[in-house]
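> Chain by chain, the residues run as shown.
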Amino acid sequence: MGFQAFLDIAVVALRFMLPLYAVVIIYQCYASMRRHRRPEKPLVTLELKDSGHQIPVLFWENSIGRSKGSDICVNDPAVSRDHCVLLRRQEGWMVSDIGSKGGTYVNGRKARSRTQVLIDDEITVGTTTFVLKRGDEFQDRIRPSWFFSKASNKGSLQPYKLMLLITFFHLFMTVEACFTNEVQDFAPFTVFVLLELLLWAFFFTSTFAFKRINFELEALASFLTGIGVILLVRQEMRSAYVQLIAAAIGIVLFCIVVKFIENPDRVNSWRMTIMIGAVALLAINLIFGTVQYGAANWIRIGSISVQPSEFVKVAYIFVGAAALDKLQTKRNFLEFIVFSAVCVGALALMGDFGTALIFFATFLIIAFMRSGDFKTVLLALVSVVFAGTIVLKFKPYVADRFAAWGHVWEHAQDTAYQQARVLTYTASGGLCGVGVGNGYLKYIGASESDLVFGLVAEEMGVIVAFAIVIAIVTLSFYARAITTRSRSTFYSISACCAAGLMVIQTALNVFGATDILPLTGVTLPFVSAGGSSIIACWGLLAFIKAADERTYAAKRLKKHK
Amino acid sequence: MKRIMTRSILVFVVTLAVFAGVCLLAFRLVTQNEQWVAQPYNGHVASSNGLAQAGDVLDRDDVVLAYTNDSEQRIYHDDYSTRCALMHVVGDNSLNISTAVQSMYRGDLTGYSLVWGLGLPKSLRTNNSIELTVDADACKAAYEAFGGKDGACVVYNYKTGEILVDVSAPTYDPQNPPEITEENEKEYDGVYLDNAVSSSYTPGSIFKTVTAVAAIEHIPDIYSRTFECTGAYDIDGEIITCEDAHGTIDFTTAFSHSCNVAFAQMAVEVGDENMTKIATQMGFNVTFEVSGITLSKSVYNLENALGDNQLGWSGIGQFEDLANPMHMAMMCGAIANNGTPVTPFLLGSDSSFLQKVGLTKAKESKQMLSEDTAKKVQDLMRSTADYYYNARGLTMGGLNFCAKTGTAEVGEDKEPNAWIIGYTEDEEHPYAFAVVVEEGGYGISGAAPIAQAAISSLVNNP
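In the order they appear, the protein sequences are chains L and U. When you line the first sequence up against numbering that gives the first Met the number 0, it's residues 0 to 560, in that order. When you line the second sequence up against numbering that gives the first Met the number 0, it's residues 0 to 461, in that order.
Hints were generated in silico from the structure; no laboratory data involved. A hint or two may mislead.
List of simulated lysine-lysine pairs, DSBU-like, C-alpha gap at most 30 Å [said to hold, decoys possible]: (1) L:Lys132 <-> U:Lys1; (2) L:Lys40 <-> U:Lys185; (3) L:Lys374 <-> U:Lys1; (4) L:Lys160 <-> L:Lys258.
Chain L extracted, bound-state conformation (with noise of 0.2 Å):
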């Protein structure tokens, strides 16, 4: 038992405790999602005024309607199916008609646009009419959602520890970066500590500027891109700094959009504005687009490459949300549709099939969370399949890809060279990993964007690969559970699609690259190196924080205590 023994059981050890470690920082962020939240109580309550029965409502934005769907449903045949909508904003509770036969009264005068309403006011639909209380005179119980089922003010771990636990998680991967079996330095440090300064000057900025009191969406955003950036620093140093500062844009951009989204009414009246200016940017790239990886879909500007489409994803869930009384209009559903055919025939002209599958998928989701119309859904579904087929027939190198699918072992050398290599360097790091920067799917190209979770799977094992798939599955269950709580449909909408989008662009990143769907070449969010892409998903986060309603509480919060 020599020196070299001893620091190899180290490494080992080492190497064996980041999974397990991993894996008790996502569950720590799924914990907290899991506890931050107020308790059940009705906002405020709607009495009838004839029998005195009250109706807890729970929400910030409520349908009134006949019909069942509703959430306030009225039992009155003078009543339309979707009456009107009550709705809570910064200025306080109020109405509005949506096109009701009868019309809506406020204290038995028509409101034709919002209508402010104060408590004990009364609202009249049809022949009924309900008196507005205050919340807490409402006396059942209601049962919280499974999701919720421990809600606290608090996280199961408090944010600042969390952001300490990522932090020495990130510091254990650049300790193994620093020792390889090929180099031995300590350039990673470099790079580890500027990592750290931003997460950590973003955790202050969020707690004390912003006084925003939850931070585990952050934090585990913070942690994905952090293992991306590190991954780098063997690969290409020059790639780690490039990744380094689209993170800070990307923050940055969360911020912004965070702030931006806080009145849902003032988004609306910037729809048109961010659809033109996404057109013309899908438009710019048609252009001047240059080709990488059989795709047109890059911008050269300078020494800078971008990838436009990646914004227009945020740009898209921007137009695609709304709020509840003005999801139904028409005009509203119409521009949607028109965009998103713009958009996928766009990156479709552009040859990038992947990210117009992407959204397709998420039109898929937006159209259905609006209409809810499954025929529709359905359609669209087939139509799509129609057109991917004429594209197999008129692009040969897509239809190679699917010659390859389901055929790696045959094709390893050349239509399926990267997948076969993904499946022998994912097998060959076993469940811990060969130790950052020790891999070989380094070399091939595209393994830090397309093929990330091999470089994943190999140089830190399998579990942390998958630990990374599932947290990112976690957002998609989150946003499904902060629906309700959401203080807008608009955020409600767009975090559940923003969710989904992601979710299913990891599916087709690492489906694609472990041959369990054909390969399309999109990136893992978060993880895969590439500024468009992470400053986009920093971007699409945003949306699934702003569905939180604490995310625009907490000073308020803190006055009242």
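Use these hints to put chain U onto chain L, whose structure you have.
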């Protein structure tokens, strides 16, 4: 809001689908990781020191065929001929010979498992040794008997399934692999193939064994028939030729004299349908697996046959017939075992990992011929050996044996391929064998001495 909540179920469904995909991936990883790792391009095992941690490769008597020394070099057996003889079974440092143990089981040799991966530091790795069933001395004897010719020699114990000899030529010294350039590539043509498992040759007269089985099963009075041989026979206006004019002969004599005329007639009489059925039953057109190695198929295919003449040629092992040496040995093993062969295997029982995978156990294969027919074919092959080969001084280490030779015409102005297949009838040494020598001339002179050398060595150096 309630509606939005309900509709978000779509996101949930998508997420569940992704989760299902993750499970499928995990399942494939757990079940197929060995295959994923054992790829020739895998940098963890294929790099220059890929074998630096590998365990030993041993023969049946624990003779070390390959090991890694203290300075992490891979050292092969110290005898040049033995190294060359076993190169295709053991493999060299590269992964060029895909069927060699050092290629197929490199993961196991270097201590791969899904839990530990291939990333453990050298001081902590545990490696495994692999014991083979082959006999180094017999392989060497067989290799030397080839005398520089190309071909393959297989000997296996038809009772236990252990492969004792598996030699393929051309070969090279794994300790000093040649650099194959444009100038010498002819000399090394096909050197990366283990001909015993990965090649199939025109069988020639050894195929008469199959035709004989077909005749016994489908021509009821075959033993009372006689055939007229004048040295040539006309089927459909084309001639089938014979080595000699054998005159009037019965079935048994036709077999031991290897009369083309008689067997071509039998094939025609049995008919293409039944010939194909019997050949398939005996393992032609069937894919076999031996210790994880997929054998090159033996072929009996009449789809391109234009009439009875070519059917006749196919009955004497010409036309498009192909035979794989390992399969031929198996077929002899089936005859010796009264119809059912024991599948040969190459990996000894010491490797716990390989045992777990189930690659070392002797397995019974599907029956190739009925016991009754098998006994009749035994008699045919025994009388051939008694009448013909013993008279020419062919001995198999002093054991009683049954055999059939073949001289397969391959055209292109080449000498014919020489074949011998057969088995020894001995409780202690039950060996089935198959030898093919490319451009070896007559079976009795070209191939038989190699089988003789291998079996004598097995008998004399137990």
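> Next step is simple, just say for each hint if it's right about the structure.
Checked hints:
1. L:Lys132 <-> U:Lys1: holds (21 Å)
2. L:Lys40 <-> U:Lys185: Measuring from Cα to Cα gives roughly 86 Å; hence the hint is violated.
3. L:Lys374 <-> U:Lys1: Given that 30 Å is the threshold and the Cα spacing comes to 20 Å, the pair holds.
4. L:Lys160 <-> L:Lys258: holds (26 Å)
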